[in-house]
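Asker: Chains as they are written, first to last, in the working numbering: chain A, 1 to 356; chain B, 357 to 660.
A portion of the hints provided could be inaccurate.
Stated by the list, open to error - Going by beta-carbon spacing under 10 Å, a handful of chain B positions derived as facing chain A:
1) R385
2) D442
3) A470
4) T494
What the hints contain is simulated information worked out from the structure, not anything from laboratory work.
Cβ coordinates follow ideal geometry from the N, Cα and C atoms, glycine included.
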Amino acid sequence: MISGLLLEALRAPASMGALAPAEWDVLLRQGRHVGMLGRLGALAAAAGVLPVVPSRARTRLEAALEDVEQQHRLVRWEVIRLRRALAGTGVPIVLLKGAAYLHAGLAASRGREFSDVDLLVPRASLGEVESALLREGWEMEKLSVHDERYYREWSHELPPLAHPKRHVPLDVHHNILPPTGRLRPDPRLLLEAAVPVADDSLRVLRPADMVLHSACHLVQSGEHHKSLRDLGDVDALLRQFGASPGFDDELAARAAALGVERPLFYALRFVAKLLGTPVPEVTGRAVQRAAPPPPVRAAMDRLFVAAVEPGPPRDPARRTQLARAALTIRYHWLRMPPALLAYHLARKIGGRRRRG
Amino acid sequence: MKLGALPVAELTTRLARGLDVDTGPFVVRVETEIPALAEELRLLYGDFPVDAGGGLADFHVSVRRPAGPLGLRRWWRQQAMAYLDDARPFEPLPIIMAVPMLEWSINWCAATRANQYVMIHAAVLERDGRALVLPGVTGAGKSTLCASLSLRDWRLLSDEFALIRPADGLVDPWPRPISLKNASIDVIRRWAPDARLSMPVPNTNKGTVAHVRPPSLSVARAGEPAMPAWVVFPTFARDAAPHLSPLPRARAFFRLAACSFNYESLGLRGFTTLSRMIDGCDAYEFSYSSLDDARSLLGALPLP
Chain A
1 MISGLLLEAL
11 RAPASMGALA
21 PAEWDVLLRQ
31 GRHVGMLGRL
41 GALAAAAGVL
51 PVVPSRARTR
61 LEAALEDVEQ
71 QHRLVRWEVI
81 RLRRALAGTG
91 VPIVLLKGAA
101 YLHAGLAASR
111 GREFSDVDLL
121 VPRASLGEVE
131 SALLREGWEM
141 EKLSVHDERY
151 YREWSHELPP
161 LAHPKRHVPL
171 DVHHNILPPT
181 GRLRPDPRLL
191 LEAAVPVADD
201 SLRVLRPADM
211 VLHSACHLVQ
221 SGEHHKSLRD
231 LGDVDALLRQ
241 FGASPGFDDE
251 LAARAAALGV
261 ERPLFYALRF
271 VAKLLGTPVP
281 EVTGRAVQRA
291 APPPPVRAAM
301 DRLFVAAVEP
311 GPPRDPARRT
321 QLARAALTIR
331 YHWLRMPPAL
341 LAYHLARKIG
351 GRRRRG
Chain B
357 MKLGALPVAE
367 LTTRLARGLD
377 VDTGPFVVRV
387 ETEIPALAEE
397 LRLLYGDFPV
407 DAGGGLADFH
417 VSVRRPAGPL
427 GLRRWWRQQA
437 MAYLDDARPF
447 EPLPIIMAVP
457 MLEWSINWCA
467 ATRANQYVMI
477 HAAVLERDGR
487 ALVLPGVTGA
497 GKSTLCASLS
507 LRDWRLLSDE
517 FALIRPADGL
527 VDPWPRPISL
537 KNASIDVIRR
547 WAPDARLSMP
557 VPNTNKGTVA
567 HVRPPSLSVA
577 RAGEPAMPAW
587 VVFPTFARDA
597 APHLSPLPRA
607 RAFFRLAACS
617 FNYESLGLRG
627 FTTLSRMIDG
637 CDAYEFSYSS
647 LDDARSLLGA
657 LPLP
């Protein structure tokens, strides 16, 4: 099936060596749509099949790899400026997601397209970090009163920041999930366990927590066409850490301590199903306790697989659109209690009508 | 097989399904059901091969008629809208603007997606294997100059894009139709009465626009790159005597970078490629008021 090309390429990169030009036409368009051209290039290179790929496709993959290299260079530079800006505060910088994979030198960063920096800081230091950044020239996105309140009171991050000369988006988080949601992991556990990279002023989450954060992001993110990239993150992290002694037990224990076994259950289920990722045994058994009732599980299976499936490059299938809509509703449902959700949606819809 | 060899009826059917046109560095899949567009494509792209690439296209451009509310737009005040895979960068326009819209769409795809090249907004011409690069802001007369030179002594490499290869510094040709605006249309008709132009389209956001069919020989040699030798920044100055003044390389570098679509996003690759290019070139500022003067002065540029 032609729309399964992208999943097949991610699951078995060597298979890219046998694709016909017309298949590349679809694969490259799907890859670009989900922001994974660079990843495809890195996988093809690692599998040694880049030299046998049709030359037009190879050109595109190599260009995507170069683009990723430049994005990574910009992110590294931004992190240097961040360290300088926050040095006086004494608040340690804990990097999340792409920037963390990059600075920790993980396989998950290979060919990964990203251009923003995500930080985790203690909630008590949020004000201090914000004013240090503003003092050093970062600017906060101008928001409506409602959106400003949304970020400040109901979300787990500051409104988006960026330095006007460098334009690298910066998200400062105080937790990995919104404080209004059903799941409330204690961010202090994450911060206390963070491990240094380079010197002590720069840290990343410890391996198990990295997987958990990535799992939460995968199943609770609002951008479903990017879900495949999140899935790729979980896959790469599990493949890299899975073999280290003690990782399996620790992952199960941390998921329980942070109360995020349900997202981990889904993440493990979907990476295994879609990308054939080996699931650590102890954790695999442990998260069964957090499994949803069978009808919910079956519904989520169908929705998630349909939403992730990139489908034909133009006009995603009706099925995909419906699945993405359903997951968007779920996303909001998990983020806020019903009354707050109703209020938020009313403001959003009202605002849109006033503007329109 | 060349696009011009397809009978109109067959071309129309093929375009409805999507036709792969080999434009040189990029295979463009053009899909449209607008009959007038098929005819204009035959005029402008007649010399380009079709069906190349074995089904792998670099850009996918679909120009369709949006139905509008209740499907009314199908009959009344028809529009053309460009769908570039998941991107729709342009507002729908009156259907008469379908040709410029197709051209802008192809340009948009390259400018945003072809980072295998350092891309400069410039016209490029070639003589004896060496390329003349004419970077230009809109209104500098770059396209008029490009059309006039390519219809006489120079080979057309490109009207809008200098595609510089980071690996060896050569410029890949992209000899697509040349876009003329307003008064330039009649200037070129007088300059080369044999030149074939598409139907002028009035009232676009660039004024009246018409495209020149690229010379057949330039299209046939679309696979032959050239090494840049001259970087000339043109300005059109009515009634002024022609003036060519050397430009220091460092200043030429920054002006070139400012005309680039992707210098910033390429980072180190962009810097290395452009600085190597400018080291091997002579740079000039050039103001002119007559195409004859331009032809003789630019034709006499010494090799660097």
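Asker: Does T494/B meet its interface restraint, that is, does its C-beta lie within less than 10 Å of any C-beta in chain A?
Answerer: Violated, because the Cβ-Cβ distance from T494/B to chain A comes to roughly 25 Å (cut-off 10 Å).
Asker: Given a cut of 10 Å on the nearest C-beta pair, is the interface hint for D442/B held or broken against chain A?
Answerer: At 5 Å from the nearest chain A Cβ, D442/B passes the 10 Å test, so the hint holds.
Asker: Can we keep the R385/B interface hint, with Cβ of chain A closer than 10 Å?
Answerer: holds, 8 Å
Asker: So, A470/B near chain A? Judge it on the closest CB pair being under 10 Å.
Answerer: holds, 7 Å
Comparing the model with each numbered hint stated earlier shows that hint 4 is the single one that does not hold.
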